[in-house]
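Q: Given next are the chains, with one letter for each unit.
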Amino acid sequence: MTSITPHIDSVVVTCTLLAAGLPLGASAVNFLLPGKTGRASGWLSVLAILGSLILAGIVFSKVWNAGEWSVQQAWFTIGSTTVYAGLLFNNLSALMLLLVSAIALPVHIYSTAYIKAAEQNRYFTYLSFFCFSMLALVVVNNLVMLYAFWELVGFSSYLLIGFWFTRDGAVKANKKAFIMNRIGDIGLLSAIIILFVQYHTFDLTLLFGQNGLVFNSFMRNGLWMAPAHQLPAVWQCIAFGGVFLAVAAKSAQFPLHTWLPDAMEGPTSVSALIHAATMVAAGVFLLGRVYPLFNTTELDILAIIGCFTAFLAATIALTQNDLKRILAYSTISQLGYMIMAMGIDAYASSLFHLVTHAFFKCLLFLCAGVIIHEVQHIKDEHQLDIDPQNILYMGGLRKKMPITFMATVVGCLALVGIPLTSGYLSKDGILIQAFEWAESRAWYYEILPVGILLTSALTAFYVARLIFKVFFGEFKLKEIFPDIHLHISDGSWAYRLPLILLALCSLFPLFSWNPLLYEHAWLFKGFLPVDYLVRENVYHAIVPALINIISVFVVYWAYAVYLQQRKLVFSQKSFLFKLSYHHWYIDTFYQQVVVKAVVAFSQALFWFDRQVIDGLIHQLTRAGKLLAGMSAWADRYIIDGFLLLITQVVKGIGSFFRSFQGGKVQYYLYSMLILMLTLFIIKLLV
Amino acid sequence: MITLTHYLLVSAALFSIGLYVILSKQNAIQILIGIELMLNAAILNLVAFGKFDKINNGGQSFALFAIVLAAATTAVALAIVLNVYRRYKTIDPGKINQLKD
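Protein chains in written order, with our numbering: chain H, 1 to 686; chain S, 687 to 787.
This is chain H alone, in the form it adopts within the complex (with noise of 0.2 angstroms):
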């Protein structure tokens, strides 16, 4: 190997590449393994993934805060081009190293209990495959390979959303994933091209480390200067677009976030890896790596977008039945939120974000998935027709499962962003600087952070909304079907056991120790540039304490609304409540134009191919079939027939004499006498 940097650390590099092949390795092994190999592929498994949760922990004790560094080795080359293997070693590939292996542990272990022994085999294989991707994706130093499992970690997904295949739900939602995804695979590809037309590298940190070539590139007449080429300006544009083509399908932002939702189809486990903590982060790990290509403006437009789509999608979270819907849309938020920190220049804050996030979605999944199996249980047990997932059949919940209670009360208060959970320290890093982003701007930037701090208020509501329906008052099932006998619990122990790791990792401790800065997080200070002061001003005193009394208030609401009874909420008949039911009619609205036109489109082409080009082809075959009949009668009765009639004749001339020799021996005789006869007669006559 090569090393462009002299503190190059072989340990740590052996042990990276040790902690992305353990699942590549699980994976092989679980797919050449015969069908029945049942929990012992799912161990399996979980083993590689703590060895890789181990290195990772490794990795990330010599790496972190240790600058930055990369190893590569020369892969192929094209042309005078020559695309390197590697890795890059900085804060930011360490940090989501660890992240990724920590909650793919806890996930894994309950993977072994909530899926069929029967079908674990196959689940595994998939897992282990997509944490292989991931794991290869945050550490890879150049666009080539992050193109690459980008892609990989894409198709895992498709595969995971599509585990229970024999449902159509889940197959329609898979397809769709796939498709929304390569639309932004298509634009991450043109960014790479257009860079690579630019600056000649794909190398990661040559491209945009400390004094990059994007570093060192300007804006000038219109041109898109770079060290050693120049494109027009709009190439910058482009390039911009499609990385956030890219970021918007797998970090599901408006207006590709539609299949998030759909891929709750999958199990809830993957829905708590994939499309809660990790896949999804993806997106904002890659703005987090492209970061210095973009402008002003283009980080503007992302901040816009991300707020929107946090608002977007809080507010369809308010009126969702479906408990991981509601899950869902709760991450398209909080997604909204990391991109729109990454718009506003906050990008310590935004993945610190991202990290805690992680955490508790992933504990909120998990929780679910318990809740969910325990219906699903009663479902089964009774024969009943209902939905596991709805949580208007839930209800009192809280006695029956104490853990999975307090693990969500945690999970949902760090999601609110209530003091002393993790959710409150990243959560208010974000609003305090978007209130002083948009302080230095025109007065109407005001809107964005309104905007956000809007949404925690929203988020408190359906937050509210989902523990009160979920766990409190009475059980609903109960009600409706009074003679079903219910033993639900917490389940076994590996249910409980990552829900309390999980738990414990969303409180304050694991992050900082001052539960009430955001500023002292070691995580937010290992993202920051060497020059950041911190600048003391008035929101880092009201913007905490109005969010907190917004929350608290909103959820005193709530509990008025859904355990009082009290009439406070909207109508379930008015406009907006319909807006937000029906997920603002977005899908409705892909289906109706979007889904239709293409539809419409193949139609026709359809309809072109069919009757024009095959009815092209068809007079082609009907003229070829009709040239060859011809030919065919001709050759049958002309050429054949000729061919028939001499052996016609010969053979009557063969017989003719034949029938002489037939053994009878008048005949003989007969024929002599003929033969004498005629020749006397000839004599007579001549």
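In case anyone wonders, no lab produced these hints; they're calculated from the structure. Since this is a predicted model, take the numbers as computed values, not measurements. Take the hints with a grain of salt, since some may be wrong.
Stated by the list, open to error - Simulated DEER-style distance windows between Cβ atoms: (1) Ala756/S with Phe680/H: 23 to 29 angstroms; (2) Ile766/S with Thr647/H: 25 to 31 angstroms; (3) Gly652/H with Ile766/S: 33 to 39 angstroms.
Said to hold, decoys possible - Heads up, simulated BS3-like pairs for lysine-lysine below, C-alpha to C-alpha not over 30 angstroms straight-line: (4) Lys781/S with Lys664/H; (5) Lys175/H with Lys578/H; (6) Lys775/S with Lys664/H; (7) Lys711/S with Lys664/H.
Virtual Cβ for every residue (Gly too), placed ideally from N, Cα, C.
Knowing the structure of chain H, use the given hints to seat chain S on it.
A: Relative to chain H, chain S alone:
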């Protein structure tokens, strides 16, 4: 006055009948009879020509030889017919066609 021509006409008629019998009958014995008829036509010719010959009784004595020989050949032919019958269970010459290739 019976002339040579009358003898020859009778002889030719006999010969023709014999030929017809040989060609048309489906029984070996009848064919044999046909052969005898033809032979007798020839002997009749011998006798007729002998009557008008300068040397006396040359033709008649030759005819006697011919009759004896005819009797001998008929005996042989009957033996053959008997053997044919044993072998093929028929004496229809049309059905005994193994002479063909």
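Q: Hints the structure violates: just list their numbers, smallest first.
A: Violated: hint 2 alone.
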